[in-house]
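Trainee: Chain residues, written in single-letter form:
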Amino acid sequence: MRFVLIGQPNCGKSTLFNQVAGYKAETGNFAGTTVTYTGSKVRVLGEVFELIDLPGTYTLSGSNPAERETLKYLFSHSADVIINVVDASHLSQGLGLTLELLELQIPVVVALNMMDEATRMGMVIDGPELENRLGTRVVPLVASRGRGVRNLFITALELGRSGRLPVRPMYGKDIEDAIQAVISKLDGQIANFHPEPLAVKLLERNEHLISLEQGRNPEILPFITSINKKIIRDRGQDASWVLSSERHGLAANLARRVVQQGERHVSWRDRLDDILLNPFWGYVALIVILFTFFQIIYSLGSSLEEPLLRFFDLLNVYLSRILSDYPFLAELVTGTLQGVAGGVAIVLPYLLPFLLGLGFLEDVGYLPRVAFLMDALMHRMGLHGKAIVPFILGYGCNVPAVMSTRMLEERRDRYLASALATLVPCAARLAVVFGLVAFYLGPVVALWIYLFNLFVIAVTGRIISALLPEDTPGLILEMPVYRVPTIKTVFQKAWFRAREFVVEAWPILIIGSIILSILNYYNLARMINLLVLPITWFLGLPYEVGVPLIFGILRKELSLIMLRQALNVTNFSQGLTAIQMITFTVFVVFYIPCLATLAMLKRELGKRDMLTIAGLTVLIAMIAATLARGIAWFIY
Amino acid sequence: MDWKLVIIHSYSIDRINYKQGTFMNLLRVDSGKWIRVISISGGGGLDIKLRNIGFMPGDYARVIRQAPFGGPVLLEISGRELALGQGIARKIEVEECTPPCDLC
Numbered sequence: 021m022r023f024v025l026i027g028q029p030n031c032g033k034s035t036l037f038n039q040v041a042g043y044k045a046e047t048g049n050f051a052g053t054t055v056t057y058t059g060s061k062v063r064v065l066g067e068v069f070e071l072i073d074l075p076g077t078y079t080l081s082g083s084n085p086a087e088r089e090t091l092k093y094l095f096s097h098s099a100d101v102i103i104n105v106v107d108a109s110h111l112s113q114g115l116g117l118t119l120e121l122l123e124l125q126i127p128v129v130v131a132l133n134m135m136d137e138a139t140r141m142g143m144v145i146d147g148p149e150l151e152n153r154l155g156t157r158v159v160p161l162v163a164s165r166g167r168g169v170r171n172l173f174i175t176a177l178e179l180g181r182s183g184r185l186p187v188r189p190m191y192g193k194d195i196e197d198a199i200q201a202v203i204s205k206l207d208g209q210i211a212n213f214h215p216e217p218l219a220v221k222l223l224e225r226n227e228h229l230i231s232l233e234q235g236r237n238p239e240i241l242p243f244i245t246s247i248n249k250k251i252i253r254d255r256g257q258d259a260s261w262v263l264s265s266e267r268h269g270l271a272a273n274l275a276r277r278v279v280q281q282g283e284r285h286v287s288w289r290d291r292l293d294d295i296l297l298n299p300f301w302g303y304v305a306l307i308v309i310l311f312t313f314f315q316i317i318y319s320l321g322s323s324l325e326e327p328l329l330r331f332f333d334l335l336n337v338y339l340s341r342i343l344s345d346y347p348f349l350a351e352l353v354t355g356t357l358q359g360v361a362g363g364v365a366i367v368l369p370y371l372l373p374f375l376l377g378l379g380f381l382e383d384v385g386y387l388p389r390v391a392f393l394m395d396a397l398m399h400r401m402g403l404h405g406k407a408i409v410p411f412i413l414g415y416g417c418n419v420p421a422v423m424s425t426r427m428l429e430e431r432r433d434r435y436l437a438s439a440l441a442t443l444v445p446c447a448a449r450l451a452v453v454f455g456l457v458a459f460y461l462g463p464v465v466a467l468w469i470y471l472f473n474l475f476v477i478a479v480t481g482r483i484i485s486a487l488l489p490e491d492t493p494g495l496i497l498e499m500p501v502y503r504v505p506t507i508k509t510v511f512q513k514a515w516f517r518a519r520e521f522v523v524e525a526w527p528i529l530i531i532g533s534i535i536l537s538i539l540n541y542y543n544l545a546r547m548i549n550l551l552v553l554p555i556t557w558f559l560g561l562p563y564e565v566g567v568p569l570i571f572g573i574l575r576k577e578l579s580l581i582m583l584r585q586a587l588n589v590t591n592f593s594q595g596l597t598a599i600q601m602i603t604f605t606v607f608v609v610f611y612i613p614c615l616a617t618l619a620m621l622k623r624e625l626g627k628r629d630m631l632t633i634a635g636l637t638v639l640i641a642m643i644a645a646t647l648a649r650g651i652a653w654f655i656y
Numbered sequence: 189m190d191w192k193l194v195i196i197h198s199y200s201i202d203r204i205n206y207k208q209g210t211f212m213n214l215l216r217v218d219s220g221k222w223i224r225v226i227s228i229s230g231g232g233g234l235d236i237k238l239r240n241i242g243f244m245p246g247d248y249a250r251v252i253r254q255a256p257f258g259g260p261v262l263l264e265i266s267g268r269e270l271a272l273g274q275g276i277a278r279k280i281e282v283e284e285c286t287p288p289c290d291l292c
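Those sequence lines, one after another, are chains C and D.
Its first residue numbered 21, the first sequence is counted upward by one per residue in this note's numbering.
Its first residue numbered 189, the second sequence is counted upward by one per residue in this note's numbering.
Next comes chain D alone, as it looks inside the complex:
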């Protein structure tokens, strides 16, 4: 078995082909929309924390619902549901996209 065959490229921001001006933070995405994560800003090791639970730039996700009164955002990402508080969602830059074909 050759490991190199199954390695796909590492996801990082510079490899994502994007058009300027289509980014927004996660809070501004409507429920039901598919998104692709562009970047995670902010200190305190937030990017590491999210990366450790398997949430990284390049990932696709669907916004299931935005909670009322400034509550958290509920995401579906690779088959599981993840709630992110407002303060965290604000630091996540995303772009809307069409559902990726292997997930739709």
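Isolated chain C (complex conformation):
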């Protein structure tokens, strides 16, 4: 038997799924964290069944990727029972989707989730009355605490066994006639789709289904268009509008009848936004929160990084000594070890606390507030408020930054946000800025490099968004209520995300590291330097800088570590002038993101966009470094 979970974004559907299936889906107090569906085998009352978690969707109209995915799934796989998760504290909104699901001729059980939240808001929901009016089973649920989960699945199992179909709501007579007319046109054409829901969706001009149907039944599109014309003439709006507004009205009416609004308990959570979204204090709080966030990550990360790196260095020295008779093998081992160390000692110590902190901020519900506060600023770069998240993440590590662009709805926004987020100096580049510029030229210069970086990102954002055909659609964002996250979910989520790095990006890091060690073995440093000569010559940098720059693609801080080797000095001021230091650092900050980030870009956007972004960063790095060189020349 197959159960399908459907609900609107932020209704706690993925939380429910993870409760029964173990941690397999992304959850977040942020709309749209699931975009594809996840399946799992679950055991209830000794019976094994399949549970599918579909992406959160407001309707089944198919106007965004998540909705399309959900509708496609429902019309192509057979579901025995739909488990419709509804946020009880926002009943009227949630019932809109429920009414749509009742039409599908599949048994539906409605799970009223977040009953604790509803109670807190002073709502009393008449469950039996709702059950009566919907004509299907309704059960209460608090998924985050696991309350009501067992009862829900028992009910679903009963429904699946009995196969009791819900009664769908009736629309106005003209719409009902139109539905019947479409059904008569469909008659006998399609085997696995139930004609009635299909007719309704065709009438709503669902593109996916129309194109499917058009293949076998070419008259269907003109027929629907003619019916629609009539509806537009009578009602002033097309069928999809009339249908959804009737559902909307019906849902509001239903909610009004079953919900008793009592006294609302005003708590700290209601007061919090008066400070956190305040035009002045909101920004103060934002800075304090982000600063604390980074401080914690940085101190945790660096306290882990140093001993781990020392351990790997010792291991490397030890292994090289053993293998000193086999220089090629020794070089290979060193390369592998460096790749492994890059992951264990440099990325994970920052990534793990970062993901934990992020998961916490996300589950509390603070990230949408950040998006709200930063929306105006982000618009200047051609993005909207939600795109601030990848930027914040970028300062820790570009890998989760690129990962997080998934929350943006439009591909254009995802591309632009990814491109800009890779320009944000991550913790590894911070090492270069501090180790070179701050150490030899003073912290003020380092600060200027950071400000210069922000300026370049803003200008790049403006230029790219002017070149892209569409405009950002603007911010439409639900502000969730603040919630106290459970430690378990925060940890599980961090692990779930860290695993993506371990599985996707780390192997590439190790392979790249091995390839470079082979190049090193065959003494190809001269060739590399020659290859990079156009860049080093143009920027007025020493010829030997080529190798550190190439190795920097592997791990950004390698460009600093190897610089010492390449220039054969212990004190950089002997090998580089102040101007060269600044030029080098600015170039390192902007050029090609590290291999791990490239791998993530490829995963999120595809190979072509990954390559264009990499090319773009080199171009920007050249321009920015030249600019910085000019400015530095004036000063020194």
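Just so you know, these hints were derived from the structure itself, not from any lab.
Treat the hints with caution; some may be incorrect.
[Said to hold, decoys possible] Calculated lysine-lysine pairs in the BS3-like style (CA-CA distance at most 27 Å, straight line):
(1) 193/C - 250/C
(2) 205/C - 92/C
(3) 237/D - 250/C
(4) 92/C - 221/D
(5) 237/D - 249/C
Please build the complex by placing chain D on the supplied structure of chain C, with the hints as guidance.
Mentor: This is chain D only, laid out in the frame that chain C set:
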């Protein structure tokens, strides 16, 4: 159970009884005021996008706050909070109203 009993009329612009000249776009509403949505203009399927998240002409909402420096508008609509960017808020025509009694 009779479904027809619970259906209320569909909200659409032509059914709203309004006086000319009281409309404004959402940006011009002061914080704390109740509004009723009159229409959503602009292409790009904005009306569909908003409709899909349950925001339609005829709905009542309260403006909680307008963010500074051209930031988004925060609305309370049927018990939840929704932030709409300036570009979107500008395309939403509303009229100020007294709080509807079942929501106040």
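Trainee: Now, for every hint given, state plainly whether the structure supports it.
Mentor: Status of each hint after checking the structure:
1. A distance of roughly 13 Å separates the Cα atoms of residue 193/C and residue 250/C; the hinted pair therefore holds under the 27 Å criterion.
2. Restraint check for residue 205/C and residue 92/C: the C-alpha separation of about 22 Å stays at or below 27 Å, so the hint holds.
3. Of the supplied pair hints, the one linking residue 237/D and residue 250/C holds, its CA atoms being roughly 24 Å apart against a limit of 27 Å.
4. Among the hinted pairs, residue 92/C with residue 221/D is inconsistent with the structure: their alpha-carbon atoms are about 41 Å apart, more than 27 Å.
5. In summary, the hint linking residue 237/D to residue 249/C is supported, as the alpha carbons are separated by about 22 Å, within the 27 Å threshold.
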